[in-house]
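*Asks:* Please work from the sequences and hints to get the whole structure.
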Amino acid sequence: MSEQMIQQLNVYEYLGKGCDPLYNVICHMQQGYSEYIPDINVTLTKNQHGLYEMASESNHECYSNKEDLYDCVSKIINNSLLRGIS
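Residues in the sequence shown are numbered consecutively from 135, following the working numbering.
Treat the hints with care, since some could be wrong.
DSS-like, lysine-lysine: derived pairs with alpha carbons at most 30 Å apart [stated by the list, open to error]: (1) LYS180 with LYS200; (2) LYS151 with LYS200; (3) LYS151 with LYS180; (4) LYS180 with LYS209; (5) LYS209 with LYS151.
Label-pair ranges, simulated between beta-carbon atoms [unchecked claim]: (6) TYR146 with ARG217: 14 to 24 Å; (7) ILE174 with GLU147: 27 to 37 Å; (8) GLN182 with ARG217: 26 to 36 Å; (9) LEU216 with GLY166: 14 to 24 Å; (10) ASP205 with ASN181: 14 to 24 Å; (11) ARG217 with GLY166: 28 to 38 Å; (12) ASN213 with GLU187: 16 to 26 Å; (13) ASP173 with GLU147: 10 to 20 Å; (14) ASN199 with ILE174: 28 to 38 Å; (15) GLY218 with TYR170: 27 to 37 Å; (16) GLY218 with GLU147: 17 to 27 Å; (17) GLN182 with VAL145: 30 to 40 Å.
Don't read these hints as lab results, they were simulated from the structure. Glycine included, each C-beta is placed from N, C-alpha and C at the ideal position.
*Replies:* Printed below as a string of structure tokens:
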């Protein structure tokens, strides 16, 4: 599989983030709300300070804005999909 084909796997890069269900979940998260993503075993949380957290068994990251969180989670999902294709 070529690098160009790999980079084209995320359809929401073409449709826009506004069409991505993941982005919409992140945008509408209220403080204290958590969302589990079973495909990649990650929990997303918006904490009491308004920061976005991404936690798994081995990692815990914090982001100050939804765009950075979305970009990171999207990258993890895409990498997970690529491992399944290879």
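*Asks:* Next, verify each hint and record whether it holds.
*Replies:* Hints and how they fare:
1. LYS180 with LYS200: Holds, at about 9 Å.
2. LYS151 with LYS200: It holds: about 12 Å lies between the C-alpha atoms, which stays within 30 Å.
3. LYS151 with LYS180: holds (19 Å)
4. LYS180 with LYS209: holds (19 Å)
5. LYS209 with LYS151: holds (14 Å)
6. TYR146 with ARG217: 14 to 24 Å: Taking Cβ atoms as reference, TYR146 and ARG217 lie about 20 Å apart, which means the hint holds.
7. ILE174 with GLU147: 27 to 37 Å: The hint (27 to 37 Å, Cβ to Cβ) is violated, given that ILE174 and GLU147 are roughly 18 Å apart.
8. GLN182 with ARG217: 26 to 36 Å: holds (35 Å)
9. LEU216 with GLY166: 14 to 24 Å: At 34 Å between Cβs, range violated.
10. ASP205 with ASN181: 14 to 24 Å: holds (19 Å)
11. ARG217 with GLY166: 28 to 38 Å: holds (33 Å)
12. ASN213 with GLU187: 16 to 26 Å: holds (20 Å)
13. ASP173 with GLU147: 10 to 20 Å: Holds: the Cβ-Cβ distance is about 18 Å, inside 10 to 20 Å.
14. ASN199 with ILE174: 28 to 38 Å: 20 Å Cβ-Cβ, so the 28 to 38 Å window is violated.
15. GLY218 with TYR170: 27 to 37 Å: With a Cβ separation near 20 Å, GLY218 and TYR170 fall outside 27 to 37 Å, so the hint is violated.
16. GLY218 with GLU147: 17 to 27 Å: Holds, at about 19 Å.
17. GLN182 with VAL145: 30 to 40 Å: With a Cβ separation near 34 Å, GLN182 and VAL145 satisfy 30 to 40 Å, so the hint holds.
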